[in-house]
Amino acid sequence: MKSNTIYAMYILWLRQVKRYFRSKSRMIGSLGQPVVFLVALGFGFGPVFAKAGGGNYIQFLSPGIIAMSIMFTAVFSGIELIWDKQFGFLKETLVAPVSRIWIMLGRTLGGATTAFLQGVIVFVITVAIGFRPDIAYVLPALLFMFGIALVFTAFGTAIASTMEDMQGFGLIVNLVNMPLFFLSGALFPLTSAPVWIQWIAFVNPLSYGVDGLRGALALVAQYSLWTDFIVLYGVAVLFVALGGWLFERIKV
Amino acid sequence: MPAADHSIIVKDLVKEYEAVKAVQGVSFSVPAGSMFAFLGPNGAGKTTTIKMLTTLVRPTAGSITVNGYDPVKNPEEVRHSFGIVFQDPSLDDELTAYENLFFHAGLYGVPRAETPGRVKDMMDFVELWDRKDHLVKTFSGGMKRRLEIARGLLHTPAVLFLDEPTTGLDPQTRNHIWEYIKKLNDERGLTVFFTTHYMEEAERVAKHVSIIDHGKIVADGTAQSIIQSAGTASLEDAFIKLTGRTIREEEGSGMDQMRNMRRMWRGGKR
Ligand SMILES: Nc1ncnc2c1ncn2[C@@H]1O[C@H](COP(=O)(O)OP(=O)(O)OP(=O)(O)O)[C@@H](O)[C@H]1O
Ligand SMILES: [Mg+2]
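Protein chains in written order, with our numbering: chain A, 1 to 252; chain B, 253 to 522.
If we strip away everything but chain B, and leave its shape as in the complex, we get (with noise of 0.2 angstroms):
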């Protein structure tokens, strides 16, 4: 059992694909109760390793704990104990709104007494029960990614992971989004890590940052220090001076290529 004072606890990780060597012994701690940023350029391993921290891929090497259990032994405990929100969309865009929040409260086993009150409560949060009837195709992105935020919440999870939440959103609903996060960071103690291309999102609300860079750890400690031993005004900066100026070939995985062709397909839409 590892100290309760932290909710996620991460050892050498390596994850390598056939041809990748997506993430490359990667260690953090993130503290229970705190804002994290996971940051770093396109195709630096930040998927991947929340990936890993979630169950969804097998590490190759190193040991990770999420709560008190090992993703990889107990991957059941651990679904329990976080959210998600996924960098891509997955919600079922053919169920609508309060559907969608139904059916997870019963994969995740919310007794069924609470859930019509739980429902309602997270979408009061989120500002959406008075779209609760209404089809998840017919939502535009803002609005289809505070329902995911509602749904991760659902279960009353101890960590949340959010992947790049507020990307291709305006400003007010970025706004509204980091609102709704910090209260309940600050009311509830919920540990939050997330990853965003948008630096002054967290120099603002994260306590602890780490940069990542080709699979590796290139800077870590709270914004300031990190501003601080770069020696720049900003935490953009800083960023760019750690991890370089040239842009990067992502590659993609397969699965994320064809979404991407799905999405064109179908006219742009998401």
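Okay, chain A solo, but in the shape it has when bound (with noise of 0.2 angstroms):
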């Protein structure tokens, strides 16, 4: 690896964090959503689950909140290559003289910063709304929301380097995220429910990180802080394999 590889990746990591922090529409429209969640079920659906014995519903949601906007920006930001194919700037990055895979992993790296940077400022929220976290496993969590967002960039960029158009795009992804999400845990406590979707909740990666982020802030978790850790960053590794192995494959 030479000397300015790294530097190349840098220059890519910072375009993406720069448009994120220029494009504040967007940043502040994809808060909705995890701030109707909050409310919603936090406060209407909070005392049917004190009721049954779930304890503070706001502590157990909100890290399955901050997960889900980590993973819906982090799938998301694959649009950001799709657009790149269409307005051609991608071009631009595959004549330069640094092999692919380390442009693809420079710009998964910047995808993942915004996608964390969101999960961030949704964490701030939840406090706002009433969520008390451990603060003596921040540093923890914060490694599991970076988890979760190199996972779903590296898979959102996977699925775009094999795309030409948003519609599919959207449509797959749509498709996908919405079963990951309901069958991780974030919403509610698995542990109850039928074997086959245990199964699909033990082989969905937003699990470990939904449970990581539980047991590091709200100290309840399924499995070991360890467990999670090793899943979850196996898993982006494997992503980022996967997607590096497409990105080589892009053609323009």
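Do not take every clue at face value.
[Stated by the list, open to error] Taking CB as the label site, the calculated pair distances span:
1) 124/A with 271/B: 50 to 56 angstroms
2) 431/B with 178/A: 31 to 37 angstroms
3) 326/B with 136/A: 30 to 36 angstroms
4) 179/A with 271/B: 34 to 40 angstroms
5) 271/B with 101/A: 28 to 34 angstroms
6) 369/B with 138/A: 42 to 48 angstroms
7) 271/B with 166/A: 50 to 56 angstroms
8) 472/B with 250/A: 31 to 37 angstroms
[To be verified] Okay, derived cross-link-like pairs now, PhoX-like style, lysine-lysine, Cα gap no bigger than 25 angstroms in a straight line:
9) 273/B with 493/B
10) 18/A with 384/B
11) 384/B with 251/A
I should point out that these hints are in silico values taken from the structure, not numbers from a laboratory.
Being a predicted model, the structure only gives us computed values, none of them experimental.
Just so you know, even glycine gets a beta-carbon here, dropped at the ideal spot from N, CA and C.
Could you fit the two chains together into a complex? Lean on the hints.
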């Protein structure tokens, strides 16, 4: 790896982050969904949850909503790749004297950073709404947040590499996102769900992100933090490799 | 290692897409420090050839040397050695002019200490320095083109590829652009490989001209020699005589079609 490679990756990362801060409307717009979920479910469904013996629902829900907002932002950052294909900027990066794998990695880290920042904003909102996280584990929590961002940015990039238009991308993403979200334990515990649902949750990488985040912030978890961490980052490596492989094969 | 007196050497180059034979056995060489016009009707195979020369598309057959390197075997060396202005716009609209150039310098390994100075020089050169902090989406077509040329030159390449650099621009801007290019060619010995549909431009600035049609070279030489052997008054007449009068039913690749749709969808703006 040449010394310039890292700087080139930094440049691609910087571009993504700059664009994120510049599009305030997108930043604020994508906060709508998590806030609605938090308020509607947190206050609407909370009392039922408490009556059923689940405890304080905001405590349970908040890590799930943080994970959700990161995942959605991350997957949709794949859209940026399709935009770059359509507006031609991708070609400019593909003729740069840097291997495609590093180009892909720089982009993915940039997208993951913006998704992570989005998660931090939602985190602050959950606290404003009444979430009381355990401060001692904020650092591991941030690691889990970044892990979720990385897994799903790489996933979005992988899908976007094979697509030429937004419609197709939107279709696939919605098809995958929703089930992964609902069957991750983000909204309700899945421990008493039917076995086949538990199986889906078991192979769903978001489950481990949600579980780790909840373990760190609300001190309730199904697996140990280490298990969550290793699975999440293992999947991240896998998806980055897959994304890189598909990115290498992009035709312009 | 090829002779150093040629920047580009192409032999029997072929590119077949599933249904189309875009390039069918093309050979030419571009002397170092020359201006080389690659002409042809729509769909003739110009852009496909440029994509193969610039490592974006793998040839089906044939050999290429760009600045002594093979784009298939040594893509990174080749990429260091050329600059390119694509047929379609390729700037990041959401960034400023300065940022577009600054990021390009970073991607191409321009020494960091030299970057600000070089960016300023190139933006001065294309007379855009006073607009450096404006978002590119606020630029006119001509300004974007000039900025792309500045960007392509930022890493001091030995060869500059220009795929229809003047299409859609007014005569003033077109003249300006050729002035910039000729100046670099004169002063720095930059090799320029360009395509255009304006025959008078090729006649005026190019030392060497190749005409391609249906993926094959149909004429090669100086503008004068092509005009003479065709027995016509101008390069435009020679071009029409050589390539026929029928309009090409150009199909355009999936990506181009999509980009056009998108362009329409955004109200016809580029
Ligand atoms: N990705 C692709 N897949 C399939 N066919 C393609 C692809 N790219 C180009 N072609 C076809 O190859 C042929 C040559 O196209 P090319 O873009 O090289 O033409 P051109 O000479 O640059 O034309 P123009 O002057 O209109 O830009 C055309 O028939 C085109 O439809
Ligand atoms: Mg073309």
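A quick look at each hint next to the structure:
no.: 1; hint: 124/A with 271/B: 50 to 56 angstroms; result: holds (54 angstroms)
no.: 2; hint: 431/B with 178/A: 31 to 37 angstroms; result: violated (57 angstroms)
no.: 3; hint: 326/B with 136/A: 30 to 36 angstroms; result: violated (53 angstroms)
no.: 4; hint: 179/A with 271/B: 34 to 40 angstroms; result: holds (38 angstroms)
no.: 5; hint: 271/B with 101/A: 28 to 34 angstroms; result: holds (31 angstroms)
no.: 6; hint: 369/B with 138/A: 42 to 48 angstroms; result: holds (44 angstroms)
no.: 7; hint: 271/B with 166/A: 50 to 56 angstroms; result: violated (26 angstroms)
no.: 8; hint: 472/B with 250/A: 31 to 37 angstroms; result: holds (34 angstroms)
no.: 9; hint: 273/B with 493/B; result: holds (23 angstroms)
no.: 10; hint: 18/A with 384/B; result: holds (16 angstroms)
no.: 11; hint: 384/B with 251/A; result: violated (32 angstroms)
Checked against the numbered hints listed earlier, the structure breaks hints 2, 3, 7 and 11; every other hint is satisfied.
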